[in-house]
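Given chain V's structure and the hints, the job is docking chain S onto it.
Listed below, chain by chain, are the residues.
Protein chains: 2
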Amino acid sequence: MSRAHNFSAGPAALPETVLQQAQAEMLEWHGAGASIVELSHRGPEFIQVAAEAEADLRKLLSIPDSYAVLFLGGGATTVQALLPLNFAAPGQAADYVVTGHWGKTALKQVKPYVAANVAASSEAEGFRDIPARDTWGLSKDAAYVHYTANETIHGVEFRDIPDVGDIPLFGDFSSSIASEPLDVSKFGVIYAGAQKNLGPVGITVVIIRRDLLERAGQPRAEILDYRAHAKGESMLNTPPSWNWYLLGLTVKWMLAEGGVEEFARRSARKSTLLYDVIDNSGGFYRNEVAKAARSRMNVPFFLHDEALDKPFLKEAGAAGLISLKGHRALGGMRASIYNAMPEAGVQALADFMRDFQQRNG
Amino acid sequence: MSRAHNFSAGPAALPETVLQQAQAEMLEWHGAGASIVELSHRGPEFIQVAAEAEADLRKLLSIPDSYAVLFLGGGATTVQALLPLNFAAPGQAADYVVTGHWGKTALKQVKPYVAANVAASSEAEGFRDIPARDTWGLSKDAAYVHYTANETIHGVEFRDIPDVGDIPLFGDFSSSIASEPLDVSKFGVIYAGAQKNLGPVGITVVIIRRDLLERAGQPRAEILDYRAHAKGESMLNTPPSWNWYLLGLTVKWMLAEGGVEEFARRSARKSTLLYDVIDNSGGFYRNEVAKAARSRMNVPFFLHDEALDKPFLKEAGAAGLISLKGHRALGGMRASIYNAMPEAGVQALADFMRDFQQRNG
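Here the protein sequences line up with chains V and S, keeping their order. Under the working numbering, think of the first position of the first sequence as 1, with each following residue one higher. Under the working numbering, think of the first position of the second sequence as 1, with each following residue one higher.
Pulled out of the complex, with its shape left as it was, chain V reads as follows (with noise of 0.2 Å):
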């Protein structure tokens, strides 16, 4: 086929014009006499294009100066583990409120290192929805609390900034990030690996309020150890320069869209459009979440008979409309429709699925 529209959850669709340029610069960077993926990180090419890109990040996010941006590898999971390394003494406490797989996941990763507290989870109903901020269980002198403000699995997002007092609030941002305008000054950390709306795969945004790093943290090597890395500029070691260059085609493309203003009012008329078909749907298809916490970037649903999971997505791809099976530990389908995803590939799912209920309702 040629390219289709594809609603994979991470690693997510690009916009086409940035595969376009990666792909003109595939053999040689700007008259350099080589790829980016060839030269020296700390040569002045690659400088150029990781300082660009820096740049570019604080602007389309509006980050303070007060706050340091790495750029690593490890993914954000790793992350997850470094969060109690660099910001937690040893056995501290650190509240963690669960609303879906990945908050489950950050937690399984500090079990080492501190003693984290479920300050709040939705586990037990399925993770439909969010707990209500004054029914969570917050620790009086807690390292850090953590959420996760959209859970790419179960489609749950948070639509503003829980308040936790002077507690630092750290936010998996991976699955939302840049979607919309978010006060960076309300956070401690703020991460995301950038595989779903940053860009490429193989590399992981953390911006961290600069006083943090003044903390002692745990005994950790230095490369474990995000001081280090804010001092060394995310060059502590090779970074994976080609994805940081990536990443940066992909940030000024949304810099030249209109910026998260825009992809902002895009992702509410796109995710509008998927939940209006669902809802409007008799019940032949199906979204559990609660409407106030639905996300806006995963739109997971189920069709009212799994028989027709099959057929569906045969008949889906057949019309260049790819990567929608859910993830396992769901089933059913889901919809991710990150920054680089059009409208008008929202609006041929929505086509889609109208029709092909038509033919199976």
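Just so you know, not all the hints are guaranteed correct.
To be verified - Which residues of chain V face chain S? A few of them, derived with a C-beta cut under 8 Å, are: (1) SER8; (2) PRO11; (3) LEU14; (4) HIS30; (5) ALA34; (6) SER35; (7) SER40; (8) GLY73; (9) GLY74; (10) THR77; (11) GLN195; (12) ILE223; (13) THR238; (14) PRO240.
Unchecked claim - Computed spacing ranges between beta-carbons, pair by pair: (15) ALA228/V x GLN23/S: 29 to 39 Å; (16) SER66/V x ARG159/S: 46 to 56 Å; (17) SER66/S x ARG159/V: 50 to 60 Å; (18) THR17/S x SER62/V: 42 to 52 Å; (19) LEU138/V x PRO90/S: 28 to 38 Å; (20) PRO90/S x ALA329/V: 33 to 43 Å; (21) GLY232/S x THR17/V: 26 to 36 Å; (22) ALA124/V x VAL118/S: 20 to 30 Å; (23) GLY137/V x GLN23/S: 48 to 58 Å.
Unchecked claim - Okay, derived cross-link-like pairs now, BS3-like style, lysine-lysine, Cα gap no bigger than 25 Å in a straight line: (24) LYS104/S x LYS231/V; (25) LYS231/S x LYS111/V; (26) LYS252/S x LYS231/V; (27) LYS186/V x LYS140/V; (28) LYS104/V x LYS231/S; (29) LYS111/V x LYS140/V; (30) LYS140/V x LYS104/V; (31) LYS104/V x LYS291/V; (32) LYS231/V x LYS231/S; (33) LYS104/S x LYS186/S; (34) LYS186/V x LYS104/V; (35) LYS111/S x LYS111/V; (36) LYS108/V x LYS231/S; (37) LYS252/S x LYS59/S.
Since the hints were made in silico from the structure, they are not lab data. The structure presented is a predicted model; accordingly, all values stated were derived computationally and were not measured. The C-beta atom is built at its ideal place from N, Cα and C for all residues, glycine as well.
Then chain S, alone, in the frame of chain V:
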């Protein structure tokens, strides 16, 4: 300019045909409707790419089934920190043989975790040789012995595998893996950042004798646990899938070119070409490494007059020979001539060096 001969130490030159294939597949991989960089790491397309890369790498390096092969983000420095966490008890002795900058880096990472013993070091002599095996002071109950097979900055390379008896030998092969046949069964762990001799930046290969995965190690998060990574087939979290794909293409290219035996012959010829120019220059060029320890991968050299450094680099660049500036820790020049550097490129550099000497000698 058009594509130059790129002597970068890493990220380093890739085979042009590999870049051309990546370019052709940048917008769509094999009719999948999307690029590999956009497809789920758990989908059938990437699973095939990943499995083929592992099978090809096992073939290229003759890796026995009794070894696990991991493909991870984070770079070789992260591996250095995780080695004691996974394979040594807290505070246990671990022996380090230090023959250059990267051996020192490896040692630095483990200080919080083990009683690191410098079994041998050539630092006092400026890292110009390898301490004779019979001078090494190995610990009695070390968890492992670590050494750096090739020192990228100092241009010092072990030409045989050191015999350390029954203690597992851990080798950093970041800059010499796949450059010649290697008896993997002599090692406990072999690891390498891919960006020098295995392909692109952003992915690291760790080859582990499976019985070592039974060691308890030290308290650590799951994402820092090699046993968990081995069980999860390097997909405990989202791996750097695009980088893995490009590594796979590079390994396929190496197999097609004749494998490690062929690259050993080429490396011998390429490095001899350069060392001959240096040794026959009457002191105009200088390499300070003991002949038996000279690297076949990285040839550092100095001009007899530092004032010639700038003109040398400028004229080399104009002649299409780039990235020859030595590492800031050492100064001078360095030609890195990994597998992807064609013999014609090294010949062009040798010719240029002789010509430059004639004009400036």
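Hint check results:
Taking 8 Å as the C-beta contact cut-off toward chain S, the hint placing SER8/V at the interface holds, the least distance being around 5 Å. The interface hint given for PRO11/V holds, since its Cβ lies 6 Å from the closest Cβ of chain S, which is under the 8 Å cut-off. The interface hint given for LEU14/V is met, as the beta carbon of that residue sits about 6 Å from the closest beta carbon of chain S, less than 8 Å. Residue-level restraint check for HIS30/V is violated (minimum Cβ-Cβ distance to chain S is 11 Å; threshold 8 Å).
Proximity of ALA34/V to chain S holds as hinted, the smallest CB-CB distance being about 4 Å (cut-off 8 Å). Look at SER35/V: its Cβ gets to within about 6 Å of chain S, closer than 8 Å, so that hint holds up. The closest approach between the C-beta of SER40/V and any C-beta of chain S is roughly 5 Å, which is under the 8 Å cut-off, so the hint is satisfied. With its C-beta approaching chain S no nearer than about 4 Å, GLY73/V sits inside the 8 Å limit, and its interface hint holds.
The closest approach between the C-beta of GLY74/V and any C-beta of chain S is roughly 4 Å, which is under the 8 Å cut-off, so the hint is satisfied. Using the Cβ-Cβ criterion of 8 Å, the hint placing THR77/V at the interface with chain S is satisfied: the shortest such distance is roughly 4 Å. The restraint placing GLN195/V at the interface with chain S holds, with a minimum CB-CB distance near 6 Å, inside the 8 Å limit. Interface hint at ILE223/V: satisfied, since its Cβ lies 5 Å from the closest Cβ of chain S, which is below the 8 Å cut-off.
A distance limit of 8 Å between C-beta atoms decides the matter here; for THR238/V the minimum to chain S is near 6 Å, and the interface restraint holds. Interface restraint check for PRO240/V: the shortest CB-CB distance to chain S comes to about 3 Å, inside 8 Å, so the restraint holds. The given range of 29 to 39 Å is respected by ALA228/V and GLN23/S, whose C-beta atoms sit roughly 36 Å from each other. Between SER66/V and ARG159/S the Cβ separation comes to about 52 Å, which falls inside the hinted range of 46 to 56 Å.
In this structure the hint that SER66/S and ARG159/V lie 50 to 60 Å apart at CB holds, the actual value being about 52 Å. Between THR17/S and SER62/V the Cβ separation comes to about 44 Å, which falls inside the hinted range of 42 to 52 Å. For the hinted restraint 28 to 38 Å between LEU138/V and PRO90/S, the CB-CB distance of approximately 33 Å keeps it satisfied. For PRO90/S and ALA329/V, the Cβ-Cβ distance of about 35 Å falls inside the hinted range of 33 to 43 Å, so the restraint holds.
Checking the proposed 26 to 36 Å range against GLY232/S and THR17/V shows it holds: the Cβ atoms sit about 35 Å from each other. Checked against the given bound of 20 to 30 Å, the beta carbons of ALA124/V and VAL118/S, roughly 54 Å apart, lie outside it. Roughly 54 Å separates the CB atoms of GLY137/V and GLN23/S, a value that falls within the hinted 48 to 58 Å. Note on LYS104/S and LYS231/V: the hinted pairing holds, with a Cα-Cα distance of about 20 Å set against a maximum of 25 Å.
Proximity of LYS231/S to LYS111/V is assessed by CA-CA distance (about 20 Å); at most 25 Å being required, the pair is judged to hold. The hinted pair formed by LYS252/S and LYS231/V fails the criterion: a straight-line CA distance of about 39 Å is larger than 25 Å. For a cut-off of 25 Å, the pair hint linking LYS186/V to LYS140/V stands: about 19 Å separates their Cα positions. Annotation: proposed proximity of LYS104/V to LYS231/S holds, straight-line Cα distance about 20 Å (limit 25 Å).
Distance restraint check for LYS111/V and LYS140/V: the Cα-Cα separation of roughly 19 Å lies within the 25 Å cut-off, and the hinted pair is therefore satisfied. Restraint check for LYS140/V and LYS104/V: satisfied, since their Cα atoms lie roughly 22 Å apart, inside the 25 Å limit. Between the alpha carbons of LYS104/V and LYS291/V the distance comes to roughly 22 Å, so the proposed pair stays at or under 25 Å and holds. Straight-line distance between C-alpha atoms of LYS231/V and LYS231/S comes to about 35 Å, which puts the hinted pair past the 25 Å bound.
For the given pair, LYS104/S sits about 23 Å from LYS186/S by alpha-carbon distance, which is consistent with the 25 Å threshold. Simply put, LYS186/V and LYS104/V have alpha-carbon atoms about 23 Å apart, close enough for the 25 Å limit, and the pair holds. Taking the CA atoms of LYS111/S and LYS111/V, the gap is near 23 Å; set against the 25 Å cutoff, the hint holds. Restraint check for LYS108/V and LYS231/S: satisfied, since their Cα atoms lie roughly 17 Å apart, inside the 25 Å limit.
Pair hint LYS252/S plus LYS59/S holds up; C-alpha atoms about 10 Å apart against a cutoff of 25 Å.
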